[in-house]
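Student: Given next are the chains, with one letter for each unit.
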Amino acid sequence: MTGPADLIFYFVAALTVASAILVATLPNIIYSAVALLFSFAGVAGLYVFVSADFLAATQVLVYVGGILILILFAVFLSNRISTVKISNPVHFNWQAALLCLALFGVLSYTAVSTKFPVKPGLSYQPTTAEIGELLMTRYLLPFEVASVLLLAALIGAALLSRPEGEKERSADMEEPK
Amino acid sequence: MSPIPIDAAALLTGLRCILPEILVVATAIFVLFVDLMIPEENKRILCGISLIGVVISLFSVFLLGPARISGFSGAVVHDGLGAFFEIVILAACALTLLMATGYSEWEGTHKGEFYSLLLLSTSGMMFMAKGTDLMTVFLGLETLSIPIYVLVGFHRHRMSSIEGALKYFLLGAFASGFFLYGVALMYAATGTTKIPALAAMLLDARLAANPVFLAGVGLLLVGLAFKVSLVPFHMWTPDAYEGAPTVVTAFMSAAVKAAAFAALIRVLLLTFGGLQPVMWKVLWALSVLTMTVGNLSALLQDNVKRMLAYSSIAHAGYVLVGLVSGDFLGGQAALFYLLVYAFMNIGAFGVVILIAQKEDEGYDIRNLAGIGFKYPALGAFLTLFLVSLGGIPPTAGFVGKFYLFSAAVKNGYIWLAVLGVLNSAASIYYYLRLVVYMYMVPAEGEMPVPRPSRLAFSAALFASGAAVLLLGIFPGSALDLAARSVLSLLM
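Taken in sequence, the protein lines are chains A and B.
Start counting the first sequence at 716; every next residue gets the next number (our numbering).
Start counting the second sequence at -13; every next residue gets the next number (our numbering).
The following block holds chain B by itself, in its conformation from the complex (with noise of 0.2 Å):
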């Protein structure tokens, strides 16, 4: 074999394609080394510069624009689908941040580690929703995972949250193990990882027939399914969603179904011609499963954090009545309802987090009882927050179900609209239960009192609080964005 000439012009457009990574992975290796540095008490430093190191990324992904760049020989592109995956991890990863201080001081678990480990996690979901080669959305996968395990595990003082991590742990590897036995049969049947490729093979019918490449699909479907809990792939996320420390519950539910969703729809949306036939039916099942189970569980939750880890479950269903179809529209309202989701369900588990005292007993419904007339701003958070996630107009999260249903009708898909609709209907009630809860039962006994807010964590509750009232009143605009973004993926 002749040597490969190093191109040096060909790495510095791939060094530029993948900039804000690069901005978030030295911010992680800086935080690492600053945290040596300063003394126990001033660790909230380290919040400052991973926050700041977060919004440098983000402007450069602004910076970037929606231009298309490929870099690393197809390893990875900068396109708009990809850049607006990143502001959605990135915003998420922001909000994390701004709420991680205050926690950790209330829980006493300070640590300089949680800030590298969330800020490699975020890279690793960056280069996921990127990666047009599978290799790269494999080791993006991992990257995002692997933090992800030990910060579930982060109370290494609670049973639950150590609970948690394992089983997280445990059935995660063995998914991963998955996903890249799909990728190994997916390159058997075609000899290449590259995701525009296999779109381009699967033009000629003979592969989209081949059993082979058909399980490497299935397997491949079978990991992220899993990241994005997707029933029956479900298993682990309440047990890790509520052992985990809250604020990574908040940043897991938001971000990581953001990335694993991101690397679903690339695959999905460019396969779309080939693949289609087959994988409506799979994804059609799928989400009419998860909706309905992630639905009935959450109402028979006493369990507020549980009741929202059922809760993310069905809302991955509903993300992927988008998908079914496979096309434009669709496209359009799975990602806009990312964005919405994100900060939906941040600011509500913000808010939960202020209103229990601590972490596994706090989280009882019955702790909300008599909160909204008390602490009528906690109580008009968390109803707003609620109401959204219902999907209840003028907020956000109806604007989100709206596109998404009305996409699966365009398409035919009728009766996936119509349990769709339905489930979210009985979801409802059980985030209006919560609601009932802060103004019109009692208290029993002593009222508990929630955290005094921090600066930096009424910023966070606000800035969600905002924007899901304002993609609510005037989704325009973030509707274009994500019109956009698909259509640079199809182009």
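This is chain A alone, in the form it adopts within the complex (with noise of 0.2 Å):
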């Protein structure tokens, strides 16, 4: 790669890192949820770069356009919003800290004593033809167990969410007052 591309890389690579620190430790959440904006699409330019086009235009739509609008909208419509105060309030635990330390020390060891093997002359072909083969012949089963996967989770979801009994039914309906 040539200068500007790499600097590029590494613009890109500095936002989502940054971006992601702020997530954890923005008092506000909904600062916190645009910052994870931020760090998704980074993630998604991050792909751009190793020529995963179909997993880049995949992070945009489900995370940035999908779950994002999601966590928005639950902090937005979640029950008496204006007497809970939703914050992310920030706890120094040193515990914690210790164990993150560690953890983060053992995956930057491996990360910098590796040599990985580097793939030359990056071609940037389309992969979304290749992909929709792959699941459909190589992983089909995990293909298909995940839409059981999406099954259970939709029942579960369901059931959770639903009011329970008619008493309560009909206590929910009632205007809250």
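Hints are computed from structural coordinates only; laboratory data are not their basis.
Just so you know, even glycine gets a beta-carbon here, dropped at the ideal spot from N, CA and C.
Possibly wrong hints are sitting among the right ones.
Unchecked claim - Computed list of chain B residues with no C-beta within reach of chain A, every gap over 12 Å:
| no. | residue |
| --- | --- |
| 1 | Leu127 |
| 2 | Gly398 |
| 3 | Met426 |
What the hints assert, rightly or not - Below, computed lysine-lysine pairings styled on DSSO-like, alpha-carbon distance capped at 30 Å:
| no. | chain 1 | residue 1 | chain 2 | residue 2 |
| --- | --- | --- | --- | --- |
| 4 | B | Lys180 | A | Lys834 |
| 5 | B | Lys396 | B | Lys267 |
| 6 | B | Lys153 | B | Lys344 |
| 7 | B | Lys97 | B | Lys29 |
| 8 | B | Lys267 | A | Lys830 |
| 9 | B | Lys360 | B | Lys344 |
| 10 | A | Lys830 | B | Lys180 |
| 11 | B | Lys97 | B | Lys180 |
| 12 | B | Lys267 | B | Lys180 |
Said to hold, decoys possible - Just the calculated beta-carbon pair ranges, DEER-fashion:
| no. | chain 1 | residue 1 | chain 2 | residue 2 | range |
| --- | --- | --- | --- | --- | --- |
| 13 | B | Leu476 | A | Phe726 | 49 to 55 Å |
| 14 | B | Ala12 | A | Val833 | 46 to 52 Å |
| 15 | B | Gly51 | A | Ala826 | 56 to 62 Å |
| 16 | B | Ala170 | A | Arg877 | 34 to 40 Å |
Relying on the hints, combine the two individually framed chains into one complex.
Tutor: Following this line, the structure appears as structure tokens:
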């Protein structure tokens, strides 16, 4: 890669990491969600750099477009938004900090000390058709099991969010005073 | 890329390979539809349908036999190990179903979704036990976990149920992240997620020393250790087990553990050649920690459900003793123990359900006072299961522990066996404490009246009791089956 491409790569990587740190530390949950937007978009950018076009598009569609909006809606629609202070308090917990630092040390050691096999001459080819074909052939079973998983999640979500019994249903119908 | 030809014959072989899973998922969907059509008071039919599905699936496992069938380009395999764990998981599911209807009606929480979620979770466990690709194992893990999260929080009117579900869900999602990260790192190091291919590549000593690969294995181990609740990844266990509806607790303690151990055994035994020199120390420490912390915490509990939760942590430690050596003997002992454990633990929870009047308050140990002589059948059953959990002959628990610890001794892990036996001796104190309460402590005030047992419920208790006794006195055929299952994996 030449100079400018490298520069853009480092910019995108820095954006991803910096906004991820902001997500964890910002006091207001809405700010955190917006920081998450940049982090997700940064990850999509990283996918582009390794020529994973389908993955990048999915990242934008599912994470930026779907999950993030869902998080914001969940915050806005949650009950008694005016009374509950929606915040993301930062507690410093030294045990947790120690554990995270140890994990960070191990992972960065492995990342630095390993000689990753580098594929020379990365070609930017569309990958969507290939992924589709693999999902229907070599990875057919995981693909189908994922649908069973989604069915279970759907039933579970419906069960947990449905009002319980007749009595509560009528109580839910009443207008809040 | 040229198009991959679709091989109809291979697809059919694959479908045959996952026939038991297909049957369970089909039953779950069928139950979901029937639930919409039948009135509230006939929900009991759903339990019958689910039970029939599980029995047919169990039958199909036997029909497929021990022959090795690999399907879906190596994503899943039907072999001895898979079949063995399918039997354990389906048996646990059947026992849970037998107890579930009565329990739900007593608690007034009878809903059709319970059965479909239980069956979907079961199918996930079966995929996990049979998966030879880490992707299949991961999807199986998630498919088993998500319905369980919901089932733990099934009693939405009880604070403890919601608390348990939320804790389990948050920590479980975190553990799944670890598992997936581990798989990703292993893929980065080797370029494959297939377990046999990983095992073959591990014969090259350079890979076994590759830090990325080792970090991947470590993270994978964390993910699985969480599911079987090894110390120090056990924090969620007491709360989730206590809050969950008790039938779900019984199911979790037996079946979820069996499924996660199935994946662990497959990975550990196959990668034995390359990883064992590093792994045994980690597993040794985890095993000793798990046994000791589990048993010491159980000593302090006055709530029977919580005590059984800590005891189930300790039992995961015993099973791990068999895996430290990572060889044939230990594998066989671990398999046999998981089978036995499913019966004795579900049985113990079953009796406790009958004695406890209602959730939360009903599980205090003082509730057991005087039960033994007034209700001799209940007392005898609970004593049998507790004696077996403690590992006293002539029950199956004794045979299981005997094989686990002797496998450790034969492989030279003398200290591990000594610590295991010491732990086992300590555990007898808190198991027998319940027996003492039942037979020797007079009831204070009015004695609680146990729930009148249903026919299905009694059948579940009789089946578990018979299994515990039979496997204890004639363990030969089950041990042979376990031996063949491990051999089929190592071949």
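Student: Give a verdict on every hint.
Tutor: Comparing the hints with the structure gives:
no. : hint                              : in the structure
1   : Leu127                            : violated (10 Å)
2   : Gly398                            : holds (30 Å)
3   : Met426                            : holds (42 Å)
4   : Lys180(B) x Lys834(A)             : holds (22 Å)
5   : Lys396(B) x Lys267(B)             : holds (17 Å)
6   : Lys153(B) x Lys344(B)             : holds (23 Å)
7   : Lys97(B) x Lys29(B)               : holds (7 Å)
8   : Lys267(B) x Lys830(A)             : holds (27 Å)
9   : Lys360(B) x Lys344(B)             : holds (20 Å)
10  : Lys830(A) x Lys180(B)             : holds (22 Å)
11  : Lys97(B) x Lys180(B)              : violated (39 Å)
12  : Lys267(B) x Lys180(B)             : holds (25 Å)
13  : Leu476(B) x Phe726(A): 49 to 55 Å : holds (51 Å)
14  : Ala12(B) x Val833(A): 46 to 52 Å  : holds (47 Å)
15  : Gly51(B) x Ala826(A): 56 to 62 Å  : violated (47 Å)
16  : Ala170(B) x Arg877(A): 34 to 40 Å : holds (36 Å)
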